[in-house]
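Q: One-letter residues, chain by chain:
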Amino acid sequence: MIDLCLTAFLCLYLGLGGRKPFLWVLAYLYVDILAPQLISWGILSHIPTSLIFFTAAFAGWLFFDDKTDSRFTVRQGLLFLLLLYCGYTTLVADFPKEAWEKWSWVWKALIFSIFLPLTLRTRLRIEAALLVMVLSAGSIIIDGAIKTLAGGGGYGTLRFFVDNNTGLYEGSIISCVSIAIIPSILWLAKHGTIFPTDWRVKLFAAGLIFACLLIPVGTQARTGLICIGVLCVLYLRTAKHRILISAGMALAVLVAVPFLPKSYTARMNTIENNQADQSASTRLAVWGWTWDYAKQHPFGGGFNVYLANNLRFETTQAETSGSTTVVKTQVIQDGARAFHSSYFEMLGEQGFPGLALWLTIQLTGIVQMEMLRRRWAKRAGPDEQWQAPLAVALQLAHVIYMVGALFVGIAYQPFVLMLIGVQNGLWSYLKRVEPKLAGRVAQRRMMAVGTPALTA
Amino acid sequence: MVDIFALSIAHGLLVLAAWRLMSRDDLDSEGGPRPKFGSRRKPPLAAAPDDVAP
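If you're matching them up, the sequences are chains X and R in order. The first sequence begins at 1 in the working numbering and counts up by one. The second sequence begins at 1001 in the working numbering and counts up by one.
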């Protein structure tokens, strides 16, 4: 049943794309985020769904779309450089077979991120891309949230649609992404034109945000809690009613804490007491190893070079009973542990040049969104109200991603690369339409000034 | 059951979004539809000699 419905859904998008080829771009966003071929057991799992829509999206743009408004931005150039550099390190990788495996999906995610802004030529397209991204991820989030409410959560045990740990189906990654998209949900609910604001849109947005907040509880990923904290602080920076919102946040925390499962609060306590936690100790050991490796191999070791690590570290745990404290030390030997941090993932795999390039791509995104916010925030025209809030939403998503990336290896996460694509699309679009819009506003002002004189 | 519910909500909205996008001209170009490739605007009809007032 699910299989037939998913196939019918994709056929519908494929068919409608014949009239509006941009729908193929949207369909690819959906396929790459939700991976329906993993959920399905029938037709979709046997055909290269992702490749079909990738080709359709690109061909649709190449043959049918108007390209006069498409612009190539500096950040797209940086992404292209990163792609070339990753290609080079894959050729000379320490673990060629494993490196080629990772390259097989990384190049696609990077190429699509470079390509996406070329298609985002209108405001509606930017909105549609964001909406499809939010709804596709929302599907996984709603599923996880309901299961969390029903008591099915737990570290590494919350099952989404599939028994798979890749892409957004991994607990820490979906925790980070679910918090990162909250500002975008708010933007879509307030400024959306596909689903204009009404009580149904507001109700769905509120429900989806609640579901997003439940995901870190359900997955018990500590990254998620840190991301929620960062979002709250950053949201207040640009919010209008700061005192009211911060009071609401405090109230929500007070109400929510008694309902949190004990296993969740116990795991969150390990953020503070990380010396006793093997997962945290492994991370520190891997990061130390990566730093040493990068000093010896400054140009990186290629994808999946973490397989070379062999770690030996200690965990200490203090147990106090009355006035006596016993400190237990345990020596742990481990190997081939993943980076558990995007920064160290880049450093180990792509070396210092790759890390510098990647950081430049990330930081320029945050800076560009800030520039857009400042440029559009004080404008009062009816066509000028959506730009600054969207820039803020994309900026917050990016900052939350960068915080989450401290503890999770998601340097090439396709969802985040799509987000970068949307940022580039918005930057390029606003740069292009600003003079036209300024002209229209000036004309309107002139008419407003001229009207009384004419009527007098 | 939960899976079907979650998939239905998101996919229902995605279908509705696609449907609404089909009727929006501003998806492909803003400020009115562009002339199709190869099409030319017809020149204004010249006034027929009979219409000219004596």
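Because the hints were derived from the structure by calculation, they are not lab data. Don't take every hint at face value.
Non-contacting residues of chain X with respect to chain R, defined by C-beta distances greater than 12 Å in every case (computed) [to be verified]:
no., residue
1, 122
2, 125
3, 363
As a list, the in silico EDC-like pairs of lysine to aspartate or glutamate whose alpha-carbon atoms are at most 16 Å apart [claimed, not checked]:
no., chain 1, residue 1, chain 2, residue 2
4, X, 67, R, 1028
5, X, 20, R, 1030
6, X, 20, R, 1003
The C-beta atom is built at its ideal place from N, Cα and C for all residues, glycine as well.
Q: So which of those numbered hints doesn't the model satisfy?
A: The structure conflicts with hints 1, 2, 6, although it agrees with all the remaining ones.
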